[in-house]
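Visitor: Each chain, written out:
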Amino acid sequence: MSPEFAFLPVRELARRIRSGETRPLELTEYFLDRLGRLGPAYNALVTLTRERALREAAEAEAELRAGRDRGLLHGIPYGAKDLLAAAGYPTTWGAAPFRDREFDYDATVISRLREAGAVLVGKLATVELAGGMGYTQPNAAFTGPGKNPWNPEFWSGGSSNGPGSAVAAGLVPFALGTETWGSIITPSAFCGVCGLRPTYGRVSRFGAMPLSWSLDKIGPMGLTADDCGIILAALAGRDPRDPTTVDRPFRWDLPDRTEGFRVGVLKGSAENAQPEVARNFEASLRVLGTFCRLEDVELPEFPFNEIASTILFAEAGSIFEEFITSGRVGELTAPEDRYRPYAYLVVPARDYLRALRLRKKAVRALNDLFSRYDAVVSPSRLTVAGRIDQDFRTYMPPRTAGVPISAAENVAGLPGVSVPNGFGQNGLPTGIQFTGAAFSEDRILAVAHAYQLRTDWHRRHPAV
Amino acid sequence: MTGPLADPKARAEQLLALLKAAFPDRFGPEAEADLRTRLQADAERAAQLRAQPLDFTDEPDVVFRALPDEP
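If you read the sequences in order, they're chains A and B. So the first sequence is numbered by our numbering: it starts at 1 and just counts up by one. So the second sequence is numbered by our numbering: it starts at 1 and just counts up by one.
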């Protein structure tokens, strides 16, 4: 197959399947080969799901031949972050104590992609336990540090490091990542791909490792904002097995509207950024200014970091209580992950409840603000990726490792999509993030898509 | 309320002592210093949260909804 297939968006792959230029089985074998051969170079692959992939691809091919078309994802290969259960294969959570553990069921998101005809080709690497044990450097999984396809001496970002690397290197057309606090947006920005963190409750968490019940989200990572919309449409919807899911339909097609958006610019969001990140953000604003009305916005005043941290530590401490107190936490890869979680066990209940009470007020205030805009923009990260042997604390300013909006958007469960917007130090990608009010994925994706109609950063790919 | 139950420092010291005794190989001076810093940060976070005004009408969402006022 022509090497260009490695970097074609879903919509284009779907067209080529229907035109006969390729077939699901051929596409699947192509990506199985790429992922199997090149995935280990980036520490992106945990398990190739070869038998399952070939079976699903053969079924897709037969159905399409028989005239049963399930939609754009029919016959398209993808990878799933290894927090997501898939029957017949290990689901390791990136953690050495669980490397051989299997579940005998599929996570809902994997079932839904199966219903859409997509083909699971591999389980992709994750920082151990979704990064929730407090890791401070990239070597925090039994698969090793995630390596950036743009420069493998640098980190891919986490905790969805496998999805980020695999999509950036053209090893899968798209992947499923997860985010509790930054884990879709960070690798998307660092690897130069598009990543969508949906509204909390939009996508079922059933079958996904929980890190924090009220902060965890599952979302797509792909080559375009349009792809993220296509994939979300397959994932979204009420699931009785996850009572936090809501019955709000999400449909996606290429939007007719490509201008006239009202966009908020988060004031001061680039203040602590590396100069190249700030420069790229300014350049993005100039592009946005040609088709959007831009206004400065400021977040309402709440202790977002403190609220998010308290909720995360209390919930993770409860979820992993036995794992911690039994001492098995001592088997994790990152040395700091072996003792830091003990601090979660001493978060008082009254602190957790206070955080929840403040959260509700913050959610109302944030939605009140964000609902006035089609999107609010900020740099996705304040830096490019650091080296794979570098402690984060040496290059990320404390408490601003993301941008000021990162804690707020996760406290409130708001949707956000990161798309590439240039390059910075060491030839590494930078990203711009579009955040919206709850359940406004159609609007933020429309603005991001319109941005990508006017730029070509998403069409740049590393030499792999 | 006074005494060790209300004092996050006392709680932290208790935890650190327990860990040093239980896991001497995993919990050396560097780890202790790191965890002490984390626990101090946790205490500061808690203080920040307590500085925020709340009254009895501010109930938590025990099951979180992204739009809490919708059914």
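Warning: the hint list may mix true and false statements.
What the hints assert, rightly or not - Partial list, derived from the structure: chain A residues whose beta carbon lies under 10 Å from chain B:
id, residue
1, R99
2, N272
3, A343
4, A438
To be verified - Just the calculated beta-carbon pair ranges, DEER-fashion:
id, chain 1, residue 1, chain 2, residue 2, range
5, B, D58, A, R11, 51 to 57 Å
6, A, D391, B, A21, 25 to 31 Å
7, B, G28, A, R262, 35 to 41 Å
8, A, R68, B, F56, 35 to 41 Å
9, B, R50, A, E51, 24 to 30 Å
10, B, A17, A, R328, 20 to 26 Å
11, B, R26, A, E51, 38 to 44 Å
12, A, P275, B, A21, 47 to 53 Å
Please keep in mind that the hints were generated in silico from the structure rather than gathered at the bench. Glycine included, every Cβ here is placed at the ideal spot set by N, Cα and C.
Visitor: Could you run down the list of hints and mark each one as holding or not?
Guide: Do the hints match the structure? See the list:
1. With its C-beta approaching chain B no nearer than about 20 Å, R99(A) sits outside the 10 Å limit, and its interface hint is violated.
2. Nearest Cβ of chain B to the Cβ of N272(A): about 19 Å, over the 10 Å cut. The hint is violated.
3. Interface restraint check for A343(A): the shortest CB-CB distance to chain B comes to about 5 Å, inside 10 Å, so the restraint holds.
4. Taking 10 Å as the C-beta cut-off, the interface hint given for A438(A) holds, the closest approach to chain B being about 4 Å.
5. A hinted range of 51 to 57 Å is violated for the C-beta pair D58(B) and R11(A), which are about 46 Å apart.
6. Taking 25 to 31 Å as the suggested C-beta distance range, the pair D391(A) and A21(B) conforms, at roughly 28 Å.
7. Between G28(B) and R262(A) the beta carbons are some 55 Å apart, a value that contradicts the proposed interval 35 to 41 Å.
8. Between R68(A) and F56(B) the CB atoms are about 58 Å apart, so this pair departs from the stated range of 35 to 41 Å.
9. At about 55 Å, the CB distance of R50(B) to E51(A) disagrees with the hint of 24 to 30 Å.
10. Between A17(B) and R328(A) the beta carbons are some 22 Å apart, a value that agrees with the proposed interval 20 to 26 Å.
11. For the pair R26(B) and E51(A), the supplied restraint of 38 to 44 Å holds, since their beta-carbon distance comes to about 40 Å.
12. Hint check: P275(A) to A21(B), Cβ distance near 49 Å, so the stated range 47 to 53 Å holds.
Going through the hint list in order, the structure does not satisfy hints 1, 2, 5, 7, 8 and 9.
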